[in-house]
Amino acid sequence: AQRVTQPEKLLSVFKGAPVELKCNYSYSGSPELFWYVQYSRQRLQLLLRHISRESIKGFTADLNKGETSFHLKKPFAQEEDSAMYYCALRRGYSTLTFGKGTMLLVSP
Amino acid sequence: NAGVMQNPRHLVRRRGQEARLRCSPMKGHSHVYWYRQLPEEGLKFMVYLQKENIIDESGMPKERFSAEFPKEGPSILRIQQVVRGDSAAYFCASSNPGTSGNYNEQFFGPGTRLTVL
Chain A
1 AQRVTQPEKL
11 LSVFKGAPVE
21 LKCNYSYSGS
31 PELFWYVQYS
41 RQRLQLLLRH
51 ISRESIKGFT
61 ADLNKGETSF
71 HLKKPFAQEE
81 DSAMYYCALR
91 RGYSTLTFGK
101 GTMLLVSP
Chain B
1 NAGVMQNPRH
11 LVRRRGQEAR
21 LRCSPMKGHS
31 HVYWYRQLPE
41 EGLKFMVYLQ
51 KENIIDESGM
61 PKERFSAEFP
71 KEGPSILRIQ
81 QVVRGDSAAY
91 FCASSNPGTS
101 GNYNEQFFGP
111 GTRLTVL
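These protein sequences, in sequence, are chains A and B. Per the working numbering, the first sequence starts with residue 1, numbered consecutively. Per the working numbering, the second sequence starts with residue 1, numbered consecutively.
Bound-form chain A, shown alone (with noise of 0.2 Å):
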């Protein structure tokens, strides 16, 4: 079965402070993984995907098979980053199995 993990419930961070959020993973097969964000009233939106290799607004994440990792990474931290972060694995071509998620706030 797979499975998702985000330790931190919590990350709190000062502006252009470096921020990275865990993300783990266990799936016997080939994964594909996102990471969704969710800022103050709005929808759950799709942040980035490891397929696409992309940066978004400054995020980054990279899939690493040995860790079983798919860490989010930003060198600078913003105050408007200040939201939650889902991380996710996609099996077959649908279904989505979320990690708990990782509320990140940015301070002035």
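It cannot be assumed that every hint is accurate.
[Stated by the list, open to error] What follows is a set of in silico ranges between Cβ atoms, one per label pair, in the way DEER data are often shown:
#1 B:Asn-96 / A:Gly-16: 22 to 28 Å
#2 A:Ser-12 / B:Pro-39: 38 to 44 Å
#3 B:Glu-41 / A:Gln-42: 17 to 23 Å
[As the list claims (entries may be wrong)] SDA-like, lysine to any residue: derived pairs with alpha carbons at most 20 Å apart:
#4 B:Lys-44 / A:Pro-31
#5 B:Lys-44 / A:Leu-47
#6 A:Lys-100 / B:Ser-87
#7 A:Lys-15 / A:Ile-56
#8 B:Lys-62 / B:Met-26
#9 A:Lys-100 / A:Glu-8
#10 A:Lys-100 / B:Ala-89
No wet-lab data here; the hints were simulated from the structure. Where a beta carbon is used, it is the ideal one built from N, C-alpha and C, also for glycine.
Once you have looked at the hints, place chain B on chain A.
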């Protein structure tokens, strides 16, 4: 495009009553997914539907829960004889595998918060 719509946004029911949650997918989307989020938990997959078909219901509780996505109209998640443990946020997502380069991105609705008294 208004995006995925869910109604009601908040629903209060007493134990034993029925709850009906509606989801209108994005225009042109033919696939719908329901997820449940209990307090302090991540979203958990419940059911995946296409028009008039249930594709995957492996996350649905065996009793009291049902879902449909008719040819016309919204997808409905129905919970019969609700209990306090059904209190949660229920999210719907939609996708259209025919677009987005076969990526099949899911777009989420705002959720329905169900409270069972």
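Structure-based check of each hint:
Checked against the hint of 22 to 28 Å, the pair Asn-96 (chain B) and Gly-16 (chain A) fails, with Cβ atoms roughly 40 Å apart. Between Ser-12 (chain A) and Pro-39 (chain B) the beta carbons are some 21 Å apart, a value that contradicts the proposed interval 38 to 44 Å. Taken as a hint, the range 17 to 23 Å holds for the pair Glu-41 (chain B) and Gln-42 (chain A), whose Cβ atoms sit roughly 20 Å apart. Simply put, Lys-44 (chain B) and Pro-31 (chain A) have alpha-carbon atoms about 18 Å apart, close enough for the 20 Å limit, and the pair holds.
Pair hint Lys-44 (chain B) plus Leu-47 (chain A) holds up; C-alpha atoms about 19 Å apart against a cutoff of 20 Å. For the hint pairing Lys-100 (chain A) with Ser-87 (chain B), the CA-to-CA distance comes to about 17 Å; that is within 20 Å, so the pair holds. Proximity of Lys-15 (chain A) to Ile-56 (chain A) is assessed by CA-CA distance (about 18 Å); at most 20 Å being required, the pair is judged to hold. In summary, the hint linking Lys-62 (chain B) to Met-26 (chain B) is not supported, as the alpha carbons are separated by about 28 Å, beyond the 20 Å threshold.
Restraint check: the Cα-Cα separation between Lys-100 (chain A) and Glu-8 (chain A) comes to about 9 Å, which is no more than 20 Å; the hinted pair holds. For the hint pairing Lys-100 (chain A) with Ala-89 (chain B), the CA-to-CA distance comes to about 14 Å; that is within 20 Å, so the pair holds.
When held up to the earlier numbered hints, the structure conflicts with 1, 2, 8 and fits the remainder.
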